[in-house]
Amino acid sequence: MLSQYAFIGIFAIIAFALPVIGLVLAWLIRPKKPNPAKNSTYECGMETFGDTWVQFKAQYYLYALIFVVFDVEAIFVFPWAVAYNKLGLYALVEMVLFVFILLGGLLYAWQKKALEWR
Amino acid sequence: MDYIRDFFVNIARSWTAWISTFLPDWGVSLVNYIVVGIILVLMPVLATLTLTWMERKVIGRIQNRIGPNRVGPWGIFQAIADAVKMLIKEDIIPDRADRPVFNLAPILIAGAAGLLWAVMPFGRRMIGADLNVGVLYIVAVGSITTVAVIMAGWASNNKFALIGAFRVVAQLLSYEVPMILSIATVVLLAGTMRMMGIVEAQVIPFIFILPVAFIGYFLAAAAEVGRAPFDLLEADSEIVAGYFVEYSGLKFGWFYIAEYGNLFAVSAITATLFLGGWRGPFANAVPALGPLYFIIKTILVVFLLMWIRGTWPRFRIDQMLAFAWKVLVPASLANLLWVAVVLKLPLPAPVQWILMLGGNLLILFVAATLLGRAAKRDAAKHSLTPAAV
Amino acid sequence: MQQVMFIVLSLVTLAAALMVVIARSMFRAALWLVLTFFGIAGLFILLHAEFIAVAQVLIYVGAISTLIIFAIMLSRGVMDPDARRFNDQWGVVAGFGAVLFVLLAAVVTRTRWPVALADVPADAIQRLGGDFVGSYVIPFEVASVLLVVAMIGAIIIAREQES
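Chains as they are written, first to last, in this note's numbering: chain U, 10 to 127; chain H, 385 to 773; chain C, 5 to 167.
Don't read these hints as lab results, they were simulated from the structure.
Every value quoted in this text rests on a predicted model; they were computed, and no experiment measured them.
Heads up, a few of these hints could be off.
[To be verified] Here are the simulated lysine-lysine pairs, DSSO-like style, with alpha carbons at most 27 Å apart:
{"hint": "1", "chain 1": "U", "residue 1": "K122", "chain 2": "U", "residue 2": "K66"}
{"hint": "2", "chain 1": "H", "residue 1": "K710", "chain 2": "U", "residue 2": "K122"}
{"hint": "3", "chain 1": "U", "residue 1": "K95", "chain 2": "H", "residue 2": "K728"}
{"hint": "4", "chain 1": "H", "residue 1": "K760", "chain 2": "H", "residue 2": "K710"}
{"hint": "5", "chain 1": "H", "residue 1": "K710", "chain 2": "U", "residue 2": "K66"}
{"hint": "6", "chain 1": "U", "residue 1": "K66", "chain 2": "H", "residue 2": "K765"}
{"hint": "7", "chain 1": "U", "residue 1": "K121", "chain 2": "H", "residue 2": "K760"}
{"hint": "8", "chain 1": "H", "residue 1": "K765", "chain 2": "U", "residue 2": "K121"}
{"hint": "9", "chain 1": "H", "residue 1": "K441", "chain 2": "H", "residue 2": "K473"}
{"hint": "10", "chain 1": "H", "residue 1": "K710", "chain 2": "H", "residue 2": "K765"}
{"hint": "11", "chain 1": "H", "residue 1": "K441", "chain 2": "H", "residue 2": "K469"}
{"hint": "12", "chain 1": "U", "residue 1": "K121", "chain 2": "H", "residue 2": "K710"}
{"hint": "13", "chain 1": "H", "residue 1": "K760", "chain 2": "U", "residue 2": "K122"}
{"hint": "14", "chain 1": "H", "residue 1": "K765", "chain 2": "U", "residue 2": "K122"}
{"hint": "15", "chain 1": "U", "residue 1": "K121", "chain 2": "U", "residue 2": "K66"}
Starting from the given sequences, assemble the full structure and let the hints guide the process.
See the structure below:
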């Protein structure tokens, strides 16, 4: 089993080396003529005004948090799914309970408009 | 004749036998890993070269025009022309960009697109590494993209890039849940997380048993890759290329390659999970046909995605996120539980499958009805007729 | 060979963890944290715990890193690289930190850790799934309650701030 991951490790090195090689190749070939107008930040052709720091809506954080909750739930489902055929009825009941508790949470979020974009 | 029957495996065996004559065991393994690694890593690049051409032709035809036809017969060398252009363009890095992070983002994203191919089952015994946690590996590699997007958006030091990155990440996160749940349903039915095992378990392709899981995965994966109708965040008319607006030259090229590589990979995964992967007529007797069926099914899914891109209008971001959380997640969960219930019934397998299909169709019907009602309410709310005001 | 990989991965993980604390920019610190998570996933693989390794990447790198980065961006002022990095109590804190280190080192080196002598079984993931609904069903269900509580708590706090 570890040999499979050795392959993944080597493959990862190759997979990340490919873009690096490509970029090095491009760096050798392309022109390098920086000038202030080209290097300034893009803002639809005008000068930037204000800092780059933008008002970060709390909504993004909520989406990330609800995602964490459901991500963990999904992770719990996988070993259960793989072992399911050999388990008895209790496996079904307990997973249904697990999912229903989380569905309750989703319903709460829905009611409280935590899933709305605004 | 027998040699050709299992052509690819036999070529691999002959090659291994040949290099074993002058290399120690670990050298043989290393060389094989590197060779397979290089072949697989070129898949996203290959995908970009061919699929960009295919896309421009298909969308062109859908929009009643021809598409590129100047560079080579039917324009097939167009992609090479584009690639050369990207190579020689100047690389402009904005002044106050965070250089290391700025440069790292396209490398991460392109690497992640390549990493996916390690677990794709091309044919019987033709897979990079048949991990015990194959499908989870795929989801995990997909989640690396999320971090890379934030890196690109933040390092550019550009308001549009940052906002674009946040929105893309919100979209990616929202659609990852129905994607994982659909995959979990398939794993439940197949009883294994190994990609090879899932293909072998598909006596009949799973799309006929679990259409809801197929639709859930298909739409969620389309949103993950950023394809229309979920491409609000990179549509040129919207946020000006979004989070990679400050990238030029080959760095932009790598984002592009990653996008098409992901498109190809997601289609391949759909083909593996739902269409039977390398299975097909005579595939058991002649294993060399496996990769052919695999590629054909993958291209079919790619075509389906391109067709949808040329036909459906774009979603607004609030519609998109609402669809993920309020429609796809409950539907996927309901499907998962239904499949679990049916699997515990003491019935023969084909009867179970028919029951599962029935449940799926019921879920589809309910979802469509509720969506229809919600759409009518939404239309009435936003309508401008005097009666509604 | 495994020993070499272990040393390499441990060094990478420790170096990245150190950079998390030292880095000037909070965002960079978050990125070093991502590298730490990858290192830990690699260590899990060396322990033959492939499911945990993949779950580590999926949850920590995919979800929690994003959450942490969003949290960083939600709080103004932490993004400012010129802000003071140490407040006035750093001496006391360093002292406590050193005491904690000594205590932990003593505990870790003196405990007789139960080491599994057998190989990890091939059907480890099936056994894990079976245990979820078998011997460990109460932690399993409590975990779901915990997740929902966290979600509800965050929604309440976030909504309060908006209104």
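Which numbered conditions among the earlier hints are violated in the structure presented, ordered from lowest to highest? No hint contradicted; all consistent.
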